[in-house]
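Take a look at the letters that make up each chain.
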Amino acid sequence: MSKRIRSKIARGSGELAVLSLLAEQPLYGFEIAKRIGERTGGALNFTLASLYPLLYEMEKRGWLVGYWQPNQAGRDRRYYRLTAAGRGQLAPLRQEWRSFFQALDALAGVSHA
Amino acid sequence: MPDWKKLVEERLTTLRLPPSAKQDVVAELAAHLEDSASADRASNEPVRPAIAHIPWCKLANAIEHSKREQGTMNRRSKTFWFPAMAILFALGLILLLRDSAAVLQRLIWMACMAMLLCTAASEAKRLNRRTRCFWLPGFVSLTAASVWLFDIDIVYDPSLFFRQISLHPQDLLRWNSASPRSFYFMWLIAQVAFGALGAFFSSRAGGTRSARFLAGAFPAMVIVGTYVGLVPITARISGQAFTSPLAAYLGSAMLVWVAAPAIAVLAGASPFLSESNIAR
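One line per chain: the protein sequences are A and B, in this order. Position one of the first sequence corresponds to residue 1 (the working numbering), numbered consecutively onward. Position one of the second sequence corresponds to residue 1001 (the working numbering), numbered consecutively onward.
Heads up, some of the hints might be wrong.
Stated by the list, open to error - With a straight-line cut-off of 16 angstroms between C-alpha atoms, the simulated EDC-like cross-links for lysine to aspartate or glutamate are:
#, chain 1, residue 1, chain 2, residue 2
1, B, Lys1022, B, Glu1010
2, A, Lys60, B, Glu1064
3, B, Lys1005, A, Asp76
4, B, Lys1006, B, Asp1024
5, B, Lys1006, B, Glu1034
6, A, Lys34, B, Glu1034
7, A, Lys34, B, Glu1064
8, A, Lys60, B, Asp1024
To be verified - Label-pair ranges, simulated between beta-carbon atoms:
#, chain 1, residue 1, chain 2, residue 2, range
9, B, Val1147, A, Thr47, 26 to 36 angstroms
10, A, Thr47, B, Met1186, 38 to 48 angstroms
11, B, Gln1023, A, Gly74, 19 to 29 angstroms
12, A, Thr47, B, Arg1016, 17 to 27 angstroms
13, B, Val1147, A, Gly41, 26 to 36 angstroms
14, B, Leu1255, A, Gly74, 28 to 38 angstroms
15, B, Ile1263, A, Ala73, 38 to 48 angstroms
16, B, Gly1225, A, Asp105, 55 to 65 angstroms
17, B, Ile1054, A, Ala43, 13 to 23 angstroms
18, B, Ala1052, A, Gly37, 13 to 23 angstroms
19, A, Ala43, B, Gln1023, 39 to 49 angstroms
20, B, Pro1019, A, Lys34, 46 to 56 angstroms
21, B, Arg1068, A, Leu107, 29 to 39 angstroms
22, A, Ser99, B, Asn1044, 24 to 34 angstroms
Keep in mind that the hints were calculated from the coordinates and are not lab data. Here a beta-carbon is modelled for each residue, glycine too, at the ideal position from N, C-alpha and C.
This is chain A alone, in the form it adopts within the complex (with noise of 0.2 angstroms):
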């Protein structure tokens, strides 16, 4: 993937991947989008701007929890985890947008352009 995807796309999968990312380990706000960056090939791109409002709105929805802990280079940093709520919003999540990309693939035939 080369090309990067509009914001408003971006905005809409970015609880999915943020959830995504947190289930495997805390994080904290730099490496999500670092990482987020890197599997995507730098398809989806989220900036300062974008990714804290999301990060404090799933916090307030008690997906996440934020706490503060230094980093292997020492400096304090708030790491993200999820709560059982964030986990249990995963598998919903990612079955919706499944379908929505299927229903997208019936009407445009997306996966064959």
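Fit chain B to the supplied structure of chain A, relying on the hints for placement.
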């Protein structure tokens, strides 16, 4: 190395949050910019003037919107759910304290309370964090406690409990007294289950350790407030006398109504208080 915190703080002047929450946001964003600059330097790329490209005003609004109502009840909870639960619980308590309340009335109250809790739980996604992690689990545990009190009331006379244990808690500590000791111990043992119930629901909603404990301790806190606070006042007004000095009454009341239930609640809530439990 720029002072990232100062730079962020200067640009987030429009962010209206409580000081501690704002400091947290500033520190977090500053850390992100610092990491970003370090990464650019490490890859021998020119350090991008990232700070100049950030829409700070828009970001402040977005953060404010994301954080709003965190730590306080939202409008719907404040104006509907909390008063509705409080009224229903108060009605139930009145029924409990009145010997004349018919079993049918009590069952209706329990059904209403259960329906209200189920409806509130179904709206849990829209509730804010404190309501979801503390008030809702607290009311679930309180309802269970009320149902339990209704239940044991069939076997024991609540007025006996009200008169003897509330006004003379020290009687419980005397082995040969005629105090309804079994009533009290049934209530006390049940606190273990209520502590577990409240802490479990709070833990499911992502509550902090203190929120989980308080949600479990909710019924005990209400009972403590009622009996330690209201009973002596009511007794004074109605002319009922304490049989012992006030200090002895308060000492026994603290032990019987505060320390013992707190230990029971803690025992019940303890499986849900560990850090690993939050991260499940």
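Violated constraints from the hint list, given by number and in increasing order
7, 9, 10, 13, 14, 19, 20, 22
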